[in-house]
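Got chain A; can you put chains B and C on it based on the hints?
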Amino acid sequence: MSAFNMADQLSYIDNPVFSQFAFYGSILIGKTVLMSPLTALFRMKNETFSNPEDLKLGAPGIKVNFDDQTVERVRRCHQNDLENILPFAVIGVLYVLSDPLPHVARRLFQTFTAARLIHTVAYLAPLPQPIRFLAFGVGAVVNMIMVGRVIICGTL
Amino acid sequence: MSAFNMADQLSYIDNPVFSQFAFYGSILIGKTVLMSPLTALFRMKNETFSNPEDLKLGAPGIKVNFDDQTVERVRRCHQNDLENILPFAVIGVLYVLSDPLPHVARRLFQTFTAARLIHTVAYLAPLPQPIRFLAFGVGAVVNMIMVGRVIICGTL
Amino acid sequence: MSAFNMADQLSYIDNPVFSQFAFYGSILIGKTVLMSPLTALFRMKNETFSNPEDLKLGAPGIKVNFDDQTVERVRRCHQNDLENILPFAVIGVLYVLSDPLPHVARRLFQTFTAARLIHTVAYLAPLPQPIRFLAFGVGAVVNMIMVGRVIICGTL
Chain A
-18 MSAFNMADQL
-8 SYIDNPVFSQ
2 FAFYGSILIG
12 KTVLMSPLTA
22 LFRMKNETFS
32 NPEDLKLGAP
42 GIKVNFDDQT
52 VERVRRCHQN
62 DLENILPFAV
72 IGVLYVLSDP
82 LPHVARRLFQ
92 TFTAARLIHT
102 VAYLAPLPQP
112 IRFLAFGVGA
122 VVNMIMVGRV
132 IICGTL
Chain B
-18 MSAFNMADQL
-8 SYIDNPVFSQ
2 FAFYGSILIG
12 KTVLMSPLTA
22 LFRMKNETFS
32 NPEDLKLGAP
42 GIKVNFDDQT
52 VERVRRCHQN
62 DLENILPFAV
72 IGVLYVLSDP
82 LPHVARRLFQ
92 TFTAARLIHT
102 VAYLAPLPQP
112 IRFLAFGVGA
122 VVNMIMVGRV
132 IICGTL
Chain C
-18 MSAFNMADQL
-8 SYIDNPVFSQ
2 FAFYGSILIG
12 KTVLMSPLTA
22 LFRMKNETFS
32 NPEDLKLGAP
42 GIKVNFDDQT
52 VERVRRCHQN
62 DLENILPFAV
72 IGVLYVLSDP
82 LPHVARRLFQ
92 TFTAARLIHT
102 VAYLAPLPQP
112 IRFLAFGVGA
122 VVNMIMVGRV
132 IICGTL
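Read top to bottom, the protein sequences are chains A, B and C.
So that you can map any letter, position 100 of the first sequence is 81 in the working numbering, and since no number is skipped, the others follow by simple counting.
So that you can map any letter, position 135 of the second sequence is 116 in the working numbering, and since no number is skipped, the others follow by simple counting.
So that you can map any letter, position 16 of the third sequence is -3 in the working numbering, and since no number is skipped, the others follow by simple counting.
Looking at chain A on its own, in the form it has when it is part of the complex (with noise of 0.2 Å):
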């Protein structure tokens, strides 16, 4: 049968290249959903907020500020992961339909999670550079790899 249409059971359950990059996709994403209410932790503590009507989640008589060290540092780390960890999912989705050796694939997987945990860590201890530089790069290397692998699949 070569027509498809997506029908009741939809699963990638018995994939075994997409259920690791569900795993650790979803690992990613999750921990990059949770960089906002960590922003918003720290406005609070720090009484830091960038809209006037938000004056009032803090003490009377404060006011607008977009200069706080700490939650700046987050949003920082926050922005690394939009510029990278969206990129990975959505090259991921392309790089595991473009049927990869599966051992490949999950080095690739569990090289990139490893490598923006440590980011994460390394942004916001903050640990010495250039840690958070090689992580950085390694991260970035993986998302290419994987983009080179597609384009070089869709042109031949």
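Wrong hints could be hidden among the right ones.
Where chains are identical, the list cannot tell them apart; a pair therefore holds if satisfied intra-copy or between any two copies.
Once the Cα atoms are required to be at most 25 Å apart in a straight line, the calculated DMTMM-like pairs of lysine to aspartate or glutamate come out as [what the hints assert, rightly or not]:
#: 1; residue 1: Lys26; residue 2: Asp49
#: 2; residue 1: Lys12; residue 2: Asp80
#: 3; residue 1: Lys37; residue 2: Glu53
#: 4; residue 1: Lys37; residue 2: Asp48
#: 5; residue 1: Lys12; residue 2: Asp49
#: 6; residue 1: Lys12; residue 2: Glu28
#: 7; residue 1: Lys44; residue 2: Glu34
Just so you know, the hints here were simulated from the structure itself, not pulled from any lab data.
Same frame as chain A, now just chains B and C:
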């Protein structure tokens, strides 16, 4: 038949959960994409541009400006969409493929969509807090519920 | 057969529209991912760092700096990619699965890809306006066309 090759006819229309996701997801992506022209509109109206080469789009003699209150408010709203709606779109696909109960999935998609539309109105109006704060929180909880299910499905 | 479980062999290669999308989408994701190392390159060259712990990557005595013109320009270009290319990648998958006419889909993907590549060149060169403005607009229109089709397909 266990092997699967996407073929001539490929559609989500017969899968009710994927159809629901496609409907709500595309509304939210459309809303996010429209934030850019909205920013551009206020940049034109308030003659607030970030790049020297953009200045000829406004009156003679204006300078680059990063501090217009309205433009920065639209931009913060847009950024919050990137931080929440893009992860929703990504984890949503994995969640759909984890074969969830259709009525639970539909309720999650509807809740997230309502929360994000309320968030946008609350940000742009602006409405008094904690409306925006709660709308953001509801969206983040829906994302984490989907993340949790995909991780659990992946480890079983 | 209406039930579907992704299995050992999973690939988009037999679906022409998905193959086209994978090809153009991965070019654009690759371009977006490369903006981060480009930012890092100019941070090194211009010794412009955002975090105190990064300062040892530059000359002794430098301070954190958020105002380098070149770095901020690359960052704005990168941000615009996140705001447009990531939504394209997400809505593109849904659009592909809405079973569009192949030649229409290919034209949309090609138009979007050309518009975003022109946008990047126009931002980084920089080229005189309204080139970047038009490139951005064409990309946004393609995104909205795909959003519109998926919403309409979902409500029929």
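Do the hints match the structure? See the list:
Taking CA atoms no more than 25 Å apart as the test, Lys26 paired with Asp49 passes inside one copy only; the shortest distance there is 11 Å, against 27 Å between copies. For the homomeric pair Lys12 and Asp80, the shortest alpha-carbon distance between copies (23 Å) is at most 25 Å, but the shortest distance inside one copy (27 Å) is not. Proximity of Lys37 to Glu53 under the C-alpha cut-off of 25 Å is found in both arrangements, the shortest distances being 21 Å within a copy and 20 Å between copies. For a Cα distance limit of 25 Å, the shortest separation of Lys37 from Asp48 qualifies both inside one copy, at 19 Å, and across copies, at 22 Å.
For a Cα distance limit of 25 Å, the shortest separation of Lys12 from Asp49 inside one copy, 22 Å, qualifies, whereas the shortest one across copies, 30 Å, does not. Taking the shortest alpha-carbon separations for Lys12 and Glu28, only the intra-copy value of 24 Å comes in at or below 25 Å, while the best inter-copy value is 30 Å. In this assembly of identical chains, Lys44 and Glu34 lie within 25 Å of each other by CA distance solely inside one copy; the values are 10 Å within and 29 Å between copies.
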